[in-house]
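There are 2 protein chains.
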Amino acid sequence: MTVTDLIQKKRDRGTLSRQEIDYLVSGYVGGSIPDYQMSAFLMAVWFNGMDHDETAGLTTAMMNSGDVVDLSALPGIKVDKHSTGGVADTTTLVAAPVVAACGGTVAKMSGRGLGHTGGTLDKLESIPGLSVSWDMAGFTRIVRDCGLSVIGQTANLVPADKMLYALRDVTATVDNISLIASSIMSKKLASGSDAIVLDVKTGSGAFMKGFDQAMALASEMVSIGRHAGKNTMALVTDMSQPLGNAVGNALEVQEAIEILSGFHKGDLLTVSRALAARMLMVSGLAEEEDGAEQKVDEAISSGRALEKLKAMIEAQGGDPRVCDDVTLLPRAKKRLKIEAPADGYVHAMDTAEIGMAALLLGAGRRTKTDTIDPAVGIWMQKRLGDRVETGEILGEFHVNNEAALEESVERFLKAVHIQKGPATVPALIRGRV
Amino acid sequence: MTVTDLIQKKRDRGTLSRQEIDYLVSGYVGGSIPDYQMSAFLMAVWFNGMDHDETAGLTTAMMNSGDVVDLSALPGIKVDKHSTGGVADTTTLVAAPVVAACGGTVAKMSGRGLGHTGGTLDKLESIPGLSVSWDMAGFTRIVRDCGLSVIGQTANLVPADKMLYALRDVTATVDNISLIASSIMSKKLASGSDAIVLDVKTGSGAFMKGFDQAMALASEMVSIGRHAGKNTMALVTDMSQPLGNAVGNALEVQEAIEILSGFHKGDLLTVSRALAARMLMVSGLAEEEDGAEQKVDEAISSGRALEKLKAMIEAQGGDPRVCDDVTLLPRAKKRLKIEAPADGYVHAMDTAEIGMAALLLGAGRRTKTDTIDPAVGIWMQKRLGDRVETGEILGEFHVNNEAALEESVERFLKAVHIQKGPATVPALIRGRV
Numbered sequence: 044m045t046v047t048d049l050i051q052k053k054r055d056r057g058t059l060s061r062q063e064i065d066y067l068v069s070g071y072v073g074g075s076i077p078d079y080q081m082s083a084f085l086m087a088v089w090f091n092g093m094d095h096d097e098t099a100g101l102t103t104a105m106m107n108s109g110d111v112v113d114l115s116a117l118p119g120i121k122v123d124k125h126s127t128g129g130v131a132d133t134t135t136l137v138a139a140p141v142v143a144a145c146g147g148t149v150a151k152m153s154g155r156g157l158g159h160t161g162g163t164l165d166k167l168e169s170i171p172g173l174s175v176s177w178d179m180a181g182f183t184r185i186v187r188d189c190g191l192s193v194i195g196q197t198a199n200l201v202p203a204d205k206m207l208y209a210l211r212d213v214t215a216t217v218d219n220i221s222l223i224a225s226s227i228m229s230k231k232l233a234s235g236s237d238a239i240v241l242d243v244k245t246g247s248g249a250f251m252k253g254f255d256q257a258m259a260l261a262s263e264m265v266s267i268g269r270h271a272g273k274n275t276m277a278l279v280t281d282m283s284q285p286l287g288n289a290v291g292n293a294l295e296v297q298e299a300i301e302i303l304s305g306f307h308k309g310d311l312l313t314v315s316r317a318l319a320a321r322m323l324m325v326s327g328l329a330e331e332e333d334g335a336e337q338k339v340d341e342a343i344s345s346g347r348a349l350e351k352l353k354a355m356i357e358a359q360g361g362d363p364r365v366c367d368d369v370t371l372l373p374r375a376k377k378r379l380k381i382e383a384p385a386d387g388y389v390h391a392m393d394t395a396e397i398g399m400a401a402l403l404l405g406a407g408r409r410t411k412t413d414t415i416d417p418a419v420g421i422w423m424q425k426r427l428g429d430r431v432e433t434g435e436i437l438g439e440f441h442v443n444n445e446a447a448l449e450e451s452v453e454r455f456l457k458a459v460h461i462q463k464g465p466a467t468v469p470a471l472i473r474g475r476v
Numbered sequence: 044m045t046v047t048d049l050i051q052k053k054r055d056r057g058t059l060s061r062q063e064i065d066y067l068v069s070g071y072v073g074g075s076i077p078d079y080q081m082s083a084f085l086m087a088v089w090f091n092g093m094d095h096d097e098t099a100g101l102t103t104a105m106m107n108s109g110d111v112v113d114l115s116a117l118p119g120i121k122v123d124k125h126s127t128g129g130v131a132d133t134t135t136l137v138a139a140p141v142v143a144a145c146g147g148t149v150a151k152m153s154g155r156g157l158g159h160t161g162g163t164l165d166k167l168e169s170i171p172g173l174s175v176s177w178d179m180a181g182f183t184r185i186v187r188d189c190g191l192s193v194i195g196q197t198a199n200l201v202p203a204d205k206m207l208y209a210l211r212d213v214t215a216t217v218d219n220i221s222l223i224a225s226s227i228m229s230k231k232l233a234s235g236s237d238a239i240v241l242d243v244k245t246g247s248g249a250f251m252k253g254f255d256q257a258m259a260l261a262s263e264m265v266s267i268g269r270h271a272g273k274n275t276m277a278l279v280t281d282m283s284q285p286l287g288n289a290v291g292n293a294l295e296v297q298e299a300i301e302i303l304s305g306f307h308k309g310d311l312l313t314v315s316r317a318l319a320a321r322m323l324m325v326s327g328l329a330e331e332e333d334g335a336e337q338k339v340d341e342a343i344s345s346g347r348a349l350e351k352l353k354a355m356i357e358a359q360g361g362d363p364r365v366c367d368d369v370t371l372l373p374r375a376k377k378r379l380k381i382e383a384p385a386d387g388y389v390h391a392m393d394t395a396e397i398g399m400a401a402l403l404l405g406a407g408r409r410t411k412t413d414t415i416d417p418a419v420g421i422w423m424q425k426r427l428g429d430r431v432e433t434g435e436i437l438g439e440f441h442v443n444n445e446a447a448l449e450e451s452v453e454r455f456l457k458a459v460h461i462q463k464g465p466a467t468v469p470a471l472i473r474g475r476v
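Sequence order for the protein chains is A and B. FYI, the numbering for the first sequence is 44 to 476, going by our numbering. FYI, the numbering for the second sequence is 44 to 476, going by our numbering.
Keep in mind that the hints were calculated from the coordinates and are not lab data. A portion of the hints provided could be inaccurate.
Put simply, identical chains are the same to the list, so a pair is met inside one copy or across any two.
Straight-line alpha carbon distances no greater than 30 Å define the calculated DSSO-like cross-link-like pairs of lysine-lysine that follow [to be verified]: (1) 411 with 52; (2) 252 with 205; (3) 52 with 205; (4) 425 with 376; (5) 308 with 463; (6) 205 with 463; (7) 151 with 411; (8) 457 with 52; (9) 425 with 273; (10) 377 with 151; (11) 52 with 380; (12) 252 with 411; (13) 411 with 205; (14) 205 with 273; (15) 151 with 252; (16) 377 with 308; (17) 425 with 463.
Please read these numbers as outputs of a predicted model, since none were measured by experiment.
Could you put together the complete structure from these sequences and hints?
Structure, rendered in structure tokens:
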């Protein structure tokens with residue numbers, strides 16, 4: 044069979060074998076299959092889809108295109124979590140220490156923020172001294188000592204994904220469930236954990252805005268994980284407003300510390316709690332949801348979860364005192380209160396636009412090479428459904444550079460929709476797989 | 044709009060404007076749009092198709108990618124014909140002289156044979172001394188003097204087609220009516236004639252084997268021609284057996300001469316007559332079919348059509364005496380009679396395989412760089428529906444090189460299906476547009 048035959052097979056609704064998919068992926072990464080054949084294949088996949096077996100096969104082939112991390116030197120079940128990305132989504136910094144405090148092992152490779160979404164690595168790097176660059180020996184040692192570590196991906200993790208994503212981006216083949224699922228899961232599988240919990244976001248701040256699509260993506264990813272022999276669960280959670288109150292790197296670390304200290308409640312805690320409970324379940328440390336959530340609550344109320352975060356920060360070279368005194372985190376020079384322009388209720392938020400408003404202050408990056416300012420961002424004061432009066436504070440801007448401040452405020456105010464009459468608020472946990 | 048947006052528009056069943064299609068084609072030919080974006084676009088077209096306006100726009104954009112021949116120096120209506128290709132399809136050598144004899148003007152650029160199909164240029168070059176390479180001045184002079192000329196395409200005719208065809212060939216996007224129609228018609232439009240008659244083949248020797256597909260292609264091409272302001276008609280004709288009796292270059296010239304001499308009747312004459320009649324109609328030289336066919340018959344019976352062929356051969360440097368004595372054409376060293384292996388009726392022919400049998404003797408080329416032997420080929424003795432007895436002659440092989448003779452005979456015998464009981468024979472003229 045030639046590559047053209049394989050393109051034609053998918054074009055004509057055929058089902059590709061594992062061997063055929065391996066041939067396509069390894070040929071593409073190896074350079075023997077050119078971009079123009081792969082893009083025609085991807086467009087045929089866009090139209091005709093892939094079944095669960097094909098999608099699992101694609102994921103495995105992509106995983107095998109680069110290094111596959113071996114965590115077998117670490118005892119017990121290693122658990123990973125992944126969020127499809129959103130605004131004020133700081134669940135890793137809450138859930139991972141909780142799981143470690145309950146006896147779980149979290150050896151996580153994470154990513155950086157791009158566009159309106161934040162990234163866990165950027166948040167961690169706002170802690171003075173902390174490094175996310177560790178070789179496998181260092182990473183393994185930290186996980187063994189602390190029960191958790193969060194570092195950057197190794198350079199050669201799933202090169203097929205980098206190549207395929209770049210091609211999909213310019214050939215209108217991004218928005219396909221099988222291609223999205225294999226892109227995410229190939230990296231999860233290559234990261235070496237034994238069990239995976241996925242958080243698929245839906246709503247105005249999510250990539251997958253519609254609920255049905257988010258559920259389909261969650262199902263596909265769970266199917267891939269189970270095909271690969273990994274205990275996998277997924278939640279579909281609401282991203283029709285920023286999940287936490289803090290949008291910005293040091294601000295989000297502060298909110299995570301406040302939650303782990305037991306000072307602060309809210310949606311970020313609720314979602315983190317549900318994710319941490321599932322991480323315990325897939326790790327075999329809890330049987331069912333109620334018992335798992337009770338363990339999570341005890342880990343927080345006892346202060347053990349915060350101790351785990353502290354230990355990890357110290358092991359990764361950061362200043363652990365930030366956990367006791369959040370003022371040691373980078374602080375912006377200026378704070379600016381943004382007032383509600385009208386009376387009413389918060390009916391909707393354009394969450395991606397709130398992320399962009401924070402990006403304009405310096406909290407995010409438009410392109411991979413932009414630098415970010417860890418101190419700046421927005422602290423939200425109102426949530427969906429809240430009653431507001433004219434002049435009441437909607438949010439507080441933490442500002443260092445005022446160059447784009449005016450545009451940022453303008454976009455923020457446009458993004459918060461205030462209308463007369465009570466608003467309906469979507470459920471936070473929208474689906475379970 | 045970016046290229047990615049245009050791919051997405053077609054992917055999502057949008058209709059592209061002329062301007063958008065121009066941008067894609069000129070960007071691709073100019074090198075600013077890479078292969079991988081064009082192949083994703085072509086696959087989206089394969090799935091969602093193009094409407095008549097888009098297909099006409101694509102054809103025009105392709106035509107404008109290179110030289111457009113200007114025949115305005117020649118008086119009157121210049122008429123072109125095109126066949127989608129088949130075996131023993133020598134209609135140009137019959138119809139063009141007939142049209143010239145009736146006062147029409149045929150300034151035709153033709154192609155070479157590839158695979159199982161023959162090419163008019165190869166057939167003409169079997170005439171001693173004849174050249175098909177003329178510059179525009181020479182071409183125009185010959186047409187003015189003789190009323191007809193058939194030469195090779197100029198090098199820079201529709202470079203977009205060469206590029207797109209090569210890309211489609213390796214990305215499983217060949218078999219789409221809009222892409223096939225625009226490929227053929229862009230070259231016809233660039234060749235500068237005012238009126239066009241198309242002969243779309245259907246059956247075992249045709250590229251477009253099914254009748255419905257052939258009709259759809261004929262309709263699309265007529266629509267394109269009319270969009271471009273050219274009087275255009277099409278026939279769909281049967282290619283479930285070789286059209287003439289001769290398969291091979293000098294042999295086909297001999298058959299055309301015999302037909303123009305009035306010695307020889309048969310299917311090749313019938314189709315040539317129908318095509319020539321339509322060429323007169325689109326040229327404004329006949330009003331309706333009956334009158335046109337009468338003119339065609341008179342041109343042949345009077346000998347005026349053969350005189351036109353003779354004049355063209357002489358003007359293009361060939362030996363015109365071949366029209367009076369076909370033994371002056373190249374002759375093979377050896378003739379081999381192939382006998383029927385069984386009693387029965389000829390029920391079917393695998394026409395492409397008969398073309399391949401002739402190719403194996405040296406009459407055709409597998410790749411563009413192969414050389415051909417003008418003298419060799421097969422003279423068919425039986426047609427579909429004919430009764431045959433064991434040992435009766437099915438065909439005569441004209442052989443110079445015996446290297447692949449055995450395989451050739453084997454494939455020929457396999458290609459002619461003899462069964463008990465009378466056979467049904469498809470109509471020769473299967474459709475009209």
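Going down the list of hints, with the structure as the test:
1. 411 with 52: between (37 Å within a copy, 28 Å between copies)
2. 252 with 205: within (23 Å within a copy, 42 Å between copies)
3. 52 with 205: So residue 52 and residue 205 pass the 30 Å test inside a copy (25 Å) and across (25 Å) alike.
4. 425 with 376: within (23 Å within a copy, 97 Å between copies)
5. 308 with 463: Result: close within a single copy only, 27 Å intra versus 89 Å inter.
6. 205 with 463: Neither: 47 Å inside a copy, 63 Å across copies.
7. 151 with 411: within (21 Å within a copy, 57 Å between copies)
8. 457 with 52: Only across copies: residue 457 and residue 52 sit 29 Å apart there, 48 Å inside one copy, limit 30 Å.
9. 425 with 273: neither (39 Å within a copy, 68 Å between copies)
10. 377 with 151: This pair counts as neither: shortest intra-copy Cα distance 34 Å, inter-copy 79 Å.
11. 52 with 380: neither (59 Å within a copy, 43 Å between copies)
12. 252 with 411: within (23 Å within a copy, 52 Å between copies)
13. 411 with 205: Cα proximity of residue 411 and residue 205: one copy only (13 Å, versus 39 Å across).
14. 205 with 273: within (23 Å within a copy, 50 Å between copies)
15. 151 with 252: within (26 Å within a copy, 58 Å between copies)
16. 377 with 308: Within one copy only: 26 Å inside a chain, 98 Å across chains, cut-off 30 Å.
17. 425 with 463: Only inside one copy: residue 425 and residue 463 sit 16 Å apart there, 88 Å across copies, limit 30 Å.
Of the numbered hints given earlier, the model fails hints 6, 9, 10, 11; all others are met.
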